[in-house]
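Asker: Residue numbers (this note's numbering), protein chains in the order written: chain A, 111 to 413; chain B, 450 to 694.
There may be inaccurate statements among the hints.
Below, simulated DMTMM-like cross-link-like pairs (lysine to aspartate or glutamate); rule was C-alpha separation at most 20 Å, straight line [to be verified]:
(1) B:K461 - B:D550
(2) B:K687 - B:D506
(3) B:K514 - A:D311
(4) B:K639 - A:D124
(5) B:K451 - B:D506
(6) A:K388 - B:E681
(7) B:K646 - B:E688
(8) B:K531 - A:D382
(9) A:K205 - A:D124
(10) B:K451 - A:E172
(11) A:K388 - B:D593
(12) A:K388 - A:E364
(13) A:K387 - B:D550
(14) A:K387 - B:D506
(15) B:K451 - A:D227
(16) A:K198 - B:E681
(17) B:K687 - B:D593
(18) A:K224 - A:D254
(19) A:K205 - A:E142
(20) B:K461 - B:D543
(21) B:K514 - A:E391
(22) A:K200 - A:D124
(23) B:K639 - B:E688
(24) A:K205 - A:E391
(25) B:K489 - A:E364
(26) B:K489 - A:D147
(27) B:K451 - A:D124
(28) A:K198 - A:E112
(29) A:K388 - A:E112
(30) B:K646 - B:D593
(31) B:K531 - B:E569
(32) A:K205 - A:E218
(33) A:K388 - A:D227
(34) A:K200 - A:E166
(35) B:K451 - A:E229
(36) A:K205 - A:E229
No wet-lab data here; the hints were simulated from the structure.
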Amino acid sequence: MERLNVSLCGIELDNPVIPASGTFGYGHEFAELYDIDLLGTFSFKGTTLLPRFGNETPRIAEAQAGMLNAVGLQNPGVEAVIAEELPKLKTCFHKPVMANVSGFSVEEYAAVCKKLDKEPQVGWLEVNISCPNVHGGGMSFGTDPAQAAAVTRAVKTVTSKPVIMKLSPNVTDIVSVAKACEEAGADGISLINTLLSMRIDLRTRRPVLANVTGGLSGPAVFPVALRMVWQVARAVSVPVVGLGGVSSAEDVIEMMLAGACAVEIGAANLRDPWICKKIIEELPAVMDRLGINNLRDIIGGAR
Amino acid sequence: MKQADFTILENKKLTENVRLLYLQGDTSGITRPGQFVNLKLEGRFLRRPLSVCDREDGRLTLIYKITGAGTGQLSLLPAGTKLDLLTGLGNGYDLREAGTDPLVIGGGVGIPPLYYLTRELIAAGRKVTAVLGFNTAGEIFYTDEFRSLGANVLVTTADGSYGIRGFVTDALPGLDYSVYYACGPEPMLKAVWQKAKGPGQLSFEERMGCGFGACMGCTCRTVTGYKRICKEGPVLRKEEILWNA
């Protein structure tokens, strides 16, 4: 299906559809449901240097057209990911995978990336400087252009793989953060992570989430994400990956028109675990209807 | 896990807040008592996880409590409505260790999955005692159905308006059983865990994102490591449970 091919930081993708980190585990839950080789790639669960339990439960709340999560970066740590998850992944996924990395210091980001750099199946390092859930954690890096640049520089010195900086929308000026990352050597930008949010239980008058606040995702955030992708894509020359509330083939095309060369799909996987497969299958018909021959031709095509 | 479209045959009131949903559709994804389904509702982003009360080929029974806007919306759906379900979620109860005379212990809306369990246990030739706890006589449901299966049923009410006065644990003294299977609110499970003797399996509830192990929204700590209530649970063995402080 050549019509769907796109390129991301020099690596060819069969299509632009990429399940987003935190909604797809390390792949095998979904490999039981469909052949995940039909994806462009996927971004695996955010990985830190040490194993993390994450936040207490409840970690999940609902919103109109979306959901809040405060999982708090639960993951087995980079050593276990390399020793256990990646060998398992090799048996069900035969393409370069996007490794999502989180950290609580510049040194931690670099240490995790250095270890993942040696893994042949890792195609890209997606560096999450935006997770809003962890106290005193990633938040500060993604909200300050200088800190975002510091992480980018540290990561770039330990890897030869393409580095995609994943930005937080919880900022006043997303373009300044994106430009700082680009100037520090980022090979790509992905955006947006979740929006800082909360819900209160009317009966108990307490926050629904044990962590009090969490990240909003789902269709509710799509227009915000689209606007930020549009702004960033016009301001940087590196590839931009768009995400935030994407739930349909039409949403994928809209994100690409705004300037995304590939599109991640997050919360929608949790509501419909087959959604990425369906979107990939539906894209050609939607493209026909809209007079699009090749997806790569429409990137940034909105005027 | 299997996705299947179901049709509502009946959505009827059992008590003030409890409803029985009788559905037609492909139940082949459901393999063990204690599993749950995750139900999509129009206009709601997250699915609603509901335990399986009973299944047969082409028929599914769910019992749910109206606890919020989502289940309130569900309670208004008429017969004929189509529902998108993810079926066969979670590990369910292990029946291999039931022994000769297992005990099932249920509290309120934790009772439904024990019905399917009891039916399977009795079909396997076990002698089942069921302790079913409610707040008050007006909230009692499904006790006759347990009796019809052939179970020895003991009912407790917290206010003493029917059966044994008190909680399910007040019915335990004097009972002999090979193993217990429990489902109910967490305070009940904790009391059962403390007071019931012998091996046990307890089914837990948690707010879920996906229901199939992808989002890590429902993780709990156990003696044997972190477990996802939706995937490695909802049933945990007595000896692996760690209670939150």
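Asker: Now tell me if each hint is right for this structure.
Answerer: Going down the list of hints, with the structure as the test:
Of the pairs offered as hints, the one joining K461 of chain B and D550 of chain B is violated, with about 33 Å between alpha carbons and a cut-off of 20 Å exceeded. For a cut-off of 20 Å, the pair hint linking K687 of chain B to D506 of chain B is broken: about 32 Å separates their Cα positions. A hinted pair counts as satisfied when its Cα atoms are at most 20 Å apart, and K514 of chain B with D311 of chain A qualifies at roughly 17 Å. A hinted pair counts as satisfied when its Cα atoms are at most 20 Å apart, and K639 of chain B with D124 of chain A does not qualify at roughly 51 Å.
With a C-alpha separation of about 14 Å, the suggested pairing of K451 of chain B with D506 of chain B holds against the 20 Å cut-off. A threshold of 20 Å between alpha carbons decides the hint, and for K388 of chain A with E681 of chain B the separation of about 28 Å lies outside it, so the pair is violated. A threshold of 20 Å between alpha carbons decides the hint, and for K646 of chain B with E688 of chain B the separation of about 12 Å falls inside it, so the pair holds. Our distance criterion of 20 Å between C-alpha atoms is met by K531 of chain B and D382 of chain A, whose separation comes to about 16 Å.
A threshold of 20 Å between alpha carbons decides the hint, and for K205 of chain A with D124 of chain A the separation of about 10 Å falls inside it, so the pair holds. Straight-line distance between C-alpha atoms of K451 of chain B and E172 of chain A comes to about 24 Å, which puts the hinted pair past the 20 Å bound. A hinted pair counts as satisfied when its Cα atoms are at most 20 Å apart, and K388 of chain A with D593 of chain B does not qualify at roughly 45 Å. Distance check on the hinted pair: K388 of chain A and E364 of chain A sit about 17 Å apart at the alpha-carbon level, within 20 Å; holds.
For the suggested pair K387 of chain A and D550 of chain B, the alpha carbons sit about 47 Å apart, so the restraint of at most 20 Å is broken. Of the pairs offered as hints, the one joining K387 of chain A and D506 of chain B is violated, with about 29 Å between alpha carbons and a cut-off of 20 Å exceeded. For the given pair, K451 of chain B sits about 37 Å from D227 of chain A by alpha-carbon distance, which is inconsistent with the 20 Å threshold. Only pairs whose Cα atoms come within 20 Å are accepted, and K198 of chain A paired with E681 of chain B is accepted, the gap being roughly 18 Å.
Proximity of K687 of chain B to D593 of chain B is assessed by CA-CA distance (about 29 Å); at most 20 Å being required, the pair is judged violated. Proposed proximity of K224 of chain A and D254 of chain A is contradicted: the alpha carbons are some 24 Å apart, above 20 Å. A threshold of 20 Å between alpha carbons decides the hint, and for K205 of chain A with E142 of chain A the separation of about 17 Å falls inside it, so the pair holds. Note on K461 of chain B and D543 of chain B: the hinted pairing is violated, with a Cα-Cα distance of about 30 Å set against a maximum of 20 Å.
At roughly 38 Å between alpha-carbon atoms, K514 of chain B and E391 of chain A are farther apart than 20 Å, so this suggested pair is violated. Between the alpha carbons of K200 of chain A and D124 of chain A the distance comes to roughly 18 Å, so the proposed pair stays at or under 20 Å and holds. Annotation: proposed proximity of K639 of chain B to E688 of chain B holds, straight-line Cα distance about 12 Å (limit 20 Å). Restraint check: the Cα-Cα separation between K205 of chain A and E391 of chain A comes to about 19 Å, which is no more than 20 Å; the hinted pair holds.
Pair hint K489 of chain B plus E364 of chain A does not hold up; C-alpha atoms about 26 Å apart against a cutoff of 20 Å. Restraint check: the Cα-Cα separation between K489 of chain B and D147 of chain A comes to about 27 Å, which exceeds 20 Å; the hinted pair is violated. Among the hinted pairs, K451 of chain B with D124 of chain A is inconsistent with the structure: their alpha-carbon atoms are about 27 Å apart, more than 20 Å. With a C-alpha separation of about 29 Å, the suggested pairing of K198 of chain A with E112 of chain A is violated against the 20 Å cut-off.
Only pairs whose Cα atoms come within 20 Å are accepted, and K388 of chain A paired with E112 of chain A is accepted, the gap being roughly 18 Å. For a cut-off of 20 Å, the pair hint linking K646 of chain B to D593 of chain B is broken: about 27 Å separates their Cα positions. At roughly 28 Å between alpha-carbon atoms, K531 of chain B and E569 of chain B are farther apart than 20 Å, so this suggested pair is violated. The straight-line distance between the Cα atoms of K205 of chain A and E218 of chain A is roughly 27 Å, outside the 20 Å bound, and the hint therefore fails.
Between K388 of chain A and D227 of chain A, the direct Cα distance comes to roughly 32 Å. Violation of the 20 Å bound is thereby established for this hinted pair. For a cut-off of 20 Å, the pair hint linking K200 of chain A to E166 of chain A is broken: about 32 Å separates their Cα positions. Straight-line distance between C-alpha atoms of K451 of chain B and E229 of chain A comes to about 34 Å, which puts the hinted pair past the 20 Å bound. A hinted pair counts as satisfied when its Cα atoms are at most 20 Å apart, and K205 of chain A with E229 of chain A qualifies at roughly 13 Å.
Against the hints set out earlier in the document, violations occur for numbers 1, 2, 4, 6, 10, 11, 13, 14, 15, 17, 18, 20, 21, 25, 26, 27, 28, 30, 31, 32, 33, 34 and 35.
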